[in-house]
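One letter stands for each residue in the lines below.
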Amino acid sequence: MPSLNMVLAQAMLGLNVGIFYAMLSLGLAVIFGLLGVINFAHGAFYMLGAFLALIGYSYLSVWLGIDGFGFGFWAALIIVPIVVAIIGMIIERLLLRRLYGQDPIYGLLLTFGVALIMQGLFTNYFSVAGTPYPGKPESLGGAINLGFMYFPTYRLFSIVLSIVVCLATWFVIERTRLGSTLRAGVENPQLTQAFGINVPRMITLTFGFGVGLAGLAGVLAAPIYSVSPLMGADLIVVVFAVVVIGGMGSIMGAIVTGLALGLIQGLTKVVYPPAANTVIFFIMVAVLLIRPAGLFGKHEKG
Amino acid sequence: MPEIAHQPRLAIENLQAWYGESHVLHGIDLEVHDGEVVTLLGRNGAGRTTTLKSILGLVGKRSGSIRLDGQEVIAEPTHRIAHIGALGYCPEERGIYARLSVDENLRLPPQLTAQGMSADEIYTMFPNLAERRRSLGGQLSGGEQQMLAIGRILRTGARLLLLDEITEGLAPVIVQALGKTIRDLKARGLTIVLVEQNFHFAEGLADRHYVIEHGRVAEVFQAEDIATGGDRLNAYLSV
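Protein chains in written order, with our numbering: chain D, 1 to 302; chain F, 1 to 239.
Hint data in this document are derived by calculation from the structure and do not stem from the laboratory.
All of these numbers come straight from a predicted model, not from anything done at the bench.
Backbone N, C-alpha and C define an ideal beta-carbon position, used for all residues, glycine too.
There could be a bad hint or two in this list.
Label pairs and their in silico Cβ distance ranges [claimed, not checked]:
1. F/93 <-> D/36: 29 to 39 Å
2. F/93 <-> D/293: 18 to 28 Å
3. F/130 <-> D/172: 18 to 28 Å
4. D/2 <-> F/93: 51 to 61 Å
5. D/172 <-> F/29: 45 to 55 Å
6. D/117 <-> F/22: 34 to 44 Å
Facing chain D, a subset of chain F residues (Cβ under 8 Å, in silico) [said to hold, decoys possible]:
7. 78
8. 82
9. 91
10. 100
11. 107
12. 109
13. 112
14. 124
15. 125
Chain F is nowhere near these chain D residues, computed Cβ spacing over 10 Å in every case [stated by the list, open to error]:
16. 55
17. 82
18. 114
19. 144
20. 146
21. 155
22. 191
23. 192
24. 197
25. 230
26. 277
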């Protein structure tokens with residue numbers, strides 16, 4: 001019989017994983033909502049975020065031959081998501097945009113190809129086994145006593161920051177004027193343009209934001225999981241399952257589902273460890289059979 | 001500079017349009033001057049809605065000329081056209097965003113000129129909407145949706161209104177209220193293009209009626225000629 005402390009400890013770790021699932025499925029849902037594109041490259045942008053943080057800390061000064069040129073963790077939290085967003089927006093403008101009138105399969109294949117290219121690029125220069133990120137700040141070192149366990153300070157920080165970002169995103173989308181413009185563009189892009197709103201630009205910015213979120217998750221993940229070209233591919237499969245379970249319908253749905261599934265995964269580790277890696281997929285199959293649109297899903301998009 | 005004052009607000013010349021392979025407009029010609037109200041009459045499928053959509057670039061392929069205040073817009077992307085011509089559009093299906101609240105719907109279209117009504121003024125004009133401002137667009141009745149559709153383009157300060165079948169499916173009381181609203185807008189100097197099935201509604205309001213048939217302007221009736229042209233008009237409009 002597992003002790004309460006063990007259960008709570010695994011729940012905390014599950015929450016940690018869950019908030020990453022939430023951030024990534026949030027970005028995917030936002031992109032799918034407005035673009036109708038299932039972004040297979042989402043995991044690759046997460047990986048890119050982690051690598052940009054690593055490069056900024058350890059490699060930039062070496063590659064450029066300028067001593068001390070680089071950026072640490074705190075700066076990476078700001079710089080990296082912006083750089084990832086810009087790269088994403090360039091890809092959207094140059095590549096994805098050409099496919100909008102077509103069968104959705106083409107967008108899917110394109111993003112899949114982009115993911116493979118990004119992955120291949122980094123595999124050339126970095127070890128697949130993973131490179132540790134040495135830039136975890138001193139102030140976030142050590143552990144905090146939560147009563148039932150000593151929980152690493154940094155992990156707690158990553159949970160809190162991620163929750164804040166997710167809730168802030170939900171708030172902007174559901175409760176602000178900017179968000180209503182986005183929701184209008186999702187519901188009726190033609191009419192929204194007829195009113196004079198630049199929907200194509202909104203699409204580009206939304207894609208940038210979605211992948212920027214993935215990039216932020218990558219920066220947060222770097223001190224925890226070390227940085228590998230395959231880290232995105234490993235994660236994205238689970239994130240897709242999360243999105244299938246939650247449905248593409250709502251922002252809050254993506255957040256809640258991500259957290260819940262992370263918790264379930266953690267708790268399964270206590271109750272029946274061999275199933276921990278696959279429990280999410282069992283749930284996905286069940287949801288597909290009972291409620292294919294997902295738990296929070298609404299209409300089918302295009 | 002006096003040239004510009006005489007430019008029609010809207011000038012369409014030999015407009016052809018296609019939905020995919022289907023050739024829908026075969027050469028529409030019409031002109032609307034500042035402050036005029038004109039109607040596009042005709043049977044369903046004649047091309048009236050397509051004409052309005054073409055102005056906004058919401059139709060696939062087009063050729064010909066569409067000028068707003070003298071500026072050619074046929075090649076412009078849709079999101080710029082409303083700004084160029086200070087256009088306000090009420091689509092046939094009303095286009096109320098089901099998942100936005102009434103207030104969000106009202107404030108969504110961006111400001112086009114400084115002459116827009118404020119949200120408060122619009123809520124005063126349509127008290128029904130004021131009561132339901134937190135409701136979702138999808139929860140409104142047909143009449144309320146129509147008022148919201150008109151209200152939101154009035155907020156933008158649009159000076160050229162394209163109104164597609166605004167009386168369709170509405171109770172006579174509401175149709176009457178809409179008629180009064182259009183008369184008020186006309187008195188304020190707005191330019192209005194109405195697509196209308198309900199000829200009695202259009203009759204008292206318009207300066208000119210264009211009869212559209214098979215994607216062309218079949219005939220133009222001045223307001224004062226309606227009395228004498230009644231039979232011919234009925235022939236165009238009957239099924």
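Comparing the hints with the structure gives:
no., hint, in the structure
1, F/93 <-> D/36: 29 to 39 Å, "violated, 21 Å"
2, F/93 <-> D/293: 18 to 28 Å, "holds, 24 Å"
3, F/130 <-> D/172: 18 to 28 Å, "holds, 27 Å"
4, D/2 <-> F/93: 51 to 61 Å, "holds, 58 Å"
5, D/172 <-> F/29: 45 to 55 Å, "holds, 47 Å"
6, D/117 <-> F/22: 34 to 44 Å, "holds, 41 Å"
7, 78, "holds, 4 Å"
8, 82, "holds, 3 Å"
9, 91, "holds, 6 Å"
10, 100, "holds, 5 Å"
11, 107, "holds, 7 Å"
12, 109, "holds, 4 Å"
13, 112, "holds, 7 Å"
14, 124, "violated, 22 Å"
15, 125, "violated, 20 Å"
16, 55, "holds, 38 Å"
17, 82, "holds, 26 Å"
18, 114, "holds, 26 Å"
19, 144, "holds, 41 Å"
20, 146, "holds, 40 Å"
21, 155, "holds, 37 Å"
22, 191, "violated, 5 Å"
23, 192, "violated, 8 Å"
24, 197, "violated, 6 Å"
25, 230, "holds, 39 Å"
26, 277, "holds, 37 Å"
In this structure, the earlier hints numbered 1, 14, 15, 22, 23 and 24 are contradicted, and the remaining ones agree with it.
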